[in-house]
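A.B. asks: The task is simple: from the sequences and hints, build the whole structure.
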Amino acid sequence: DAKTTQPNSMESNEEEPVHLPCNHSTISGTDYIHWYRQLPSQGPEYVIHGLTSNVNNRMASLAIAEDRKSSTLILHRATLRDAAVYYCIRKDNYGQNFVFGPGTRLSVLP
Amino acid sequence: NAGVTQTPKFQVLKTGQSMTLQCAQDMNHNSMYWYRQDPGMGLRLIYYSASEGTTDKGEVPNGYNVSRLNKREFSLRLESAAPSQTSVYFCASKILTGGGTEAFFGQGTRLTVV
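Chains as they are written, first to last, in my numbering: chain Y, 3 to 112; chain V, 1083 to 1196.
Just so you know, these hints were derived from the structure itself, not from any lab. Hints may contain errors.
[What the hints assert, rightly or not] Label-pair distances were calculated between CB atoms; the ranges are:
{"hint": "1", "chain 1": "Y", "residue 1": "17", "chain 2": "V", "residue 2": "1090", "range": "34 to 40 Å"}
{"hint": "2", "chain 1": "V", "residue 1": "1151", "chain 2": "Y", "residue 2": "43", "range": "24 to 30 Å"}
{"hint": "3", "chain 1": "V", "residue 1": "1136", "chain 2": "Y", "residue 2": "76", "range": "36 to 42 Å"}
{"hint": "4", "chain 1": "Y", "residue 1": "58", "chain 2": "V", "residue 2": "1161", "range": "42 to 48 Å"}
The beta carbon of each residue, even a glycine, is placed where N, CA and C say it ideally should be.
C.D. replies: In structure tokens:
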């Protein structure tokens, strides 16, 4: 049970912003939202995580809805290297597992 | 800084053979994990070790054993390989088990059982 819902695939043009949505309507108060991405033939790579407030780092921004039932990963300027499968994951402070769903396959067009 | 290192990168086994997948991290992390990823699927947790000296089963532990050799190393053993264990195996580590810290993954071991 992945507990999050993401679109199967999305497309973007190079150098344009990308908004990757994630639904987590059953989230509890102690669950963090994590995003990872997996480039072809590589292991997952951490992108960003947050609890309640919006978060920014050098790779992306994470916008979390006020009710925390959804979030959006924002890549400000997509590059060809950003083509990957993006996973949105709920992670609580007690369980051991990151539950990976199928993720969103992002294609970036030149 | 190597991060999480897995060996070997590729392996072909015959049904019934045994092998050990090795994982080492150099980040002084407490928690380590083994996942498998089947084609077109997300990752599934096999076993984890919350801290040195402890190991616990994940979602799909059958057919596998693990050893947390020390704080750095966490190995995964297949005692009698089966074709259903053909998969890509990823090791990961986190400084703590809670939700507020990120996980770091190795590059994977691609295992084929014929």
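A.B. asks: Checking each numbered hint in turn, tell me which of them this model violates, lowest number first.
C.D. replies: Of the numbered hints, all hold.
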